[in-house]
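Each chain is listed here by its residues.
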Amino acid sequence: MRQSIRRKLIQTLAFFITNPRLGNFLSGRLYKGEWKSLCVPGLNCYSCPAATFACPIGALQAVISSAGLWFSYYVAGFLLAVGVVWGRLVCGFLCPFGLFQELLHKVPLPKRKLWAPLLYVKYVILIVFVLLLPLLWTDFSGAGGPAFCEYICPAGTLEAGLPLLAARPEFRQALGGLFAWKLLVLVLVIIGCMMSYRFFCKLLCPLGAIYGLLNRISLYRLQLSREACVACGKCQSACPMGVNPVGNPGAAECIRCGECVAACPRQALSLRFSADDICK
Amino acid sequence: MQGGLLLMAAISMGYGVSRGEAAIVLRKAVRVCMECIGLG
Numbered sequence: 001m002r003q004s005i006r007r008k009l010i011q012t013l014a015f016f017i018t019n020p021r022l023g024n025f026l027s028g029r030l031y032k033g034e035w036k037s038l039c040v041p042g043l044n045c046y047s048c049p050a051a052t053f054a055c056p057i058g059a060l061q062a063v064i065s066s067a068g069l070w071f072s073y074y075v076a077g078f079l080l081a082v083g084v085v086w087g088r089l090v091c092g093f094l095c096p097f098g099l100f101q102e103l104l105h106k107v108p109l110p111k112r113k114l115w116a117p118l119l120y121v122k123y124v125i126l127i128v129f130v131l132l133l134p135l136l137w138t139d140f141s142g143a144g145g146p147a148f149c150e151y152i153c154p155a156g157t158l159e160a161g162l163p164l165l166a167a168r169p170e171f172r173q174a175l176g177g178l179f180a181w182k183l184l185v186l187v188l189v190i191i192g193c194m195m196s197y198r199f200f201c202k203l204l205c206p207l208g209a210i211y212g213l214l215n216r217i218s219l220y221r222l223q224l225s226r227e228a229c230v231a232c233g234k235c236q237s238a239c240p241m242g243v244n245p246v247g248n249p250g251a252a253e254c255i256r257c258g259e260c261v262a263a264c265p266r267q268a269l270s271l272r273f274s275a276d277d278i279c280k
Numbered sequence: 281m282q283g284g285l286l287l288m289a290a291i292s293m294g295y296g297v298s299r300g301e302a303a304i305v306l307r308k309a310v311r312v313c314m315e316c317i318g319l320g
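Top line first, the protein sequences correspond to chains A and B.
Read in the numbering used here, the first sequence has 173 at position 173, and its numbers run on one by one without any break.
Read in the numbering used here, the second sequence has 311 at position 31, and its numbers run on one by one without any break.
Honestly, the hints are just simulated from the structure, not real lab data.
In this text, all values refer to a predicted model and were calculated from it rather than measured experimentally.
A portion of the hints provided could be inaccurate.
Taking lysine to any residue and the SDA-like style, the derived pairs with C-alpha atoms no more than 20 Å apart in a straight line are [what the hints assert, rightly or not]:
(1) A:234 / A:266
(2) A:32 / B:307
(3) A:32 / B:283
(4) A:111 / A:236
(5) A:32 / B:300
(6) A:111 / A:124
(7) A:111 / A:194
(8) A:32 / B:314
(9) A:113 / A:102
(10) A:32 / B:310
(11) A:32 / B:282
(12) A:106 / A:196
(13) A:111 / A:32
(14) A:32 / B:315
(15) A:32 / B:311
(16) A:32 / B:290
(17) A:32 / B:297
Covered by chain B, according to a simulated footprint, are these stretches of chain A (three or more residues, beta-carbon under 8 Å) [said to hold, decoys possible]:
(18) 62-75
(19) 141-150
(20) 175-188
(21) 261-271
Among chain A residues calculated to face chain B with C-beta under 7 Å, some are [unchecked claim]:
(22) 35
(23) 37
(24) 81
(25) 171
We put the CB at the ideal spot given by N, CA and C, even for glycine.
Go ahead and model the full structure; you've got the sequences and the hints to work with.
Right, here's the structure in full:
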């Protein structure tokens, strides 16, 4: 089976494991069981009616913004464990919003490459909107808010905001400027994804930033055999994330999709669990 | 190094759970987060 088809099947399966309660879209009710205290590895709003688990970025902000707590050891430990084992494979295989972006990219619009310095914006968003604002921008009681979810996250608007507005008319009374802003962000992200592969992952996703930082040391890694490589450049041409696998197999933008491995005519690249050096 | 990081991750998660962070996540996640969906 072709790598791209196998990956799409795994992504689809991951989507339904993350969001199994599809019937809740009709009622607009949320799952309220104990599983919601556990995080999924990918970006998936916990206010989505179909969700069984919590979004790690939402959970991180929920703890940081609680009065008296300034950091979430629980969520940070979870993200560190997932990142050390899998790196950004989570983005390539397990994230429901990643699948959504890839489907959008199939829309026949002119395709553009992102300006490379923009890839660093997601690190600023991680530090400012996920870690600092929920801690520092507090009310009289000392409690903050989920700044990334509130002002940026398009997954929340798509998976939770729009379905809940459709299913529960009482929410429509709360419509205002904030929702208009979030809808604008969602529309811009959708257009961006149609024109640039995984626009949101590259530019804005704080989860991608965390896993990207761990990509170089993750146990599941892209390994290059310098002896076998003939520097034909086919791997770089095949990479949808714009990475040069020969120049940097541990690149922060690599989502472990395996397109470069499939494109290599000399089997110089492989994806595997290993603690060895990424270049041999 | 990876072994050390995984150990640190496990200790971190355990400490977080012991100080009630999983309960905070649960409380937040079982309600509609009005801010998260742009209605707050």
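Against the structure, the hints come out as follows:
Note on residue 234 (chain A) and residue 266 (chain A): the hinted pairing holds, with a Cα-Cα distance of about 11 Å set against a maximum of 20 Å. With a C-alpha separation of about 9 Å, the suggested pair residue 32 (chain A) and residue 307 (chain B) falls inside the 20 Å cut-off, and the hint holds. Restraint check for residue 32 (chain A) and residue 283 (chain B): the C-alpha separation of about 35 Å exceeds 20 Å, so the hint is violated. Restraint check: the Cα-Cα separation between residue 111 (chain A) and residue 236 (chain A) comes to about 17 Å, which is no more than 20 Å; the hinted pair holds.
Distance hint between residue 32 (chain A) and residue 300 (chain B) is fulfilled; the C-alpha atoms sit about 18 Å from each other, no more than 20 Å. A C-alpha spacing of about 26 Å is found between residue 111 (chain A) and residue 124 (chain A), which places the hinted pair above 20 Å, so the restraint is violated. Annotation: proposed proximity of residue 111 (chain A) to residue 194 (chain A) holds, straight-line Cα distance about 8 Å (limit 20 Å). Pair hint residue 32 (chain A) plus residue 314 (chain B) holds up; C-alpha atoms about 16 Å apart against a cutoff of 20 Å.
Straight-line distance between C-alpha atoms of residue 113 (chain A) and residue 102 (chain A) comes to about 15 Å, which keeps the hinted pair within the 20 Å bound. Distance check on the hinted pair: residue 32 (chain A) and residue 310 (chain B) sit about 5 Å apart at the alpha-carbon level, within 20 Å; holds. In summary, the hint linking residue 32 (chain A) to residue 282 (chain B) is not supported, as the alpha carbons are separated by about 35 Å, beyond the 20 Å threshold. Proximity of residue 106 (chain A) to residue 196 (chain A) is assessed by CA-CA distance (about 10 Å); at most 20 Å being required, the pair is judged to hold.
Using a Cα cut-off of 20 Å, the hinted pair residue 111 (chain A) and residue 32 (chain A) is violated, with the two alpha carbons roughly 42 Å apart. Between residue 32 (chain A) and residue 315 (chain B) the alpha-carbon distance is near 18 Å, which keeps this suggested pair within the 20 Å criterion. Taken as a hint, the residue 32 (chain A) and residue 311 (chain B) pair is honoured in the structure, with Cα atoms around 8 Å apart against an allowance of 20 Å. At most 20 Å may separate the alpha-carbon atoms for a hinted pair to count; residue 32 (chain A) and residue 290 (chain B) exceed this at roughly 26 Å.
Distance hint between residue 32 (chain A) and residue 297 (chain B) is fulfilled; the C-alpha atoms sit about 19 Å from each other, no more than 20 Å. Remark: the stretch 62-75 of chain A is confirmed as covered by chain B, as 8 of its residues place a Cβ nearer than 8 Å to a Cβ of that chain, reaching the required three. Evaluation of the coverage hint for the stretch 141-150 of chain A: fulfilled, as 4 residues show C-beta separations to chain B shorter than 8 Å, against a requirement of three. Here the stretch 175-188 of chain A counts 7 residues with a CB under 8 Å from a CB of chain B, which clears the bar of 3, and the coverage holds.
Requiring three or more residues with a Cβ within less than 8 Å of a Cβ of chain B, the coverage given for the stretch 261-271 of chain A is violated, as only 0 such residues are present. Proximity of residue 35 (chain A) to chain B is violated relative to the hint, the smallest CB-CB distance being about 9 Å (cut-off 7 Å). Because the closest C-beta pair between residue 37 (chain A) and chain B is about 4 Å apart, less than 7 Å, the hint holds. With 7 Å as the threshold, the beta carbon of residue 81 (chain A) comes within range of chain B, its nearest partner Cβ sitting at about 4 Å, so the hint holds.
For residue 171 (chain A), the interface hint holds, since its Cβ comes within 7 Å of a Cβ in chain B; the closest pair sits about 6 Å apart.
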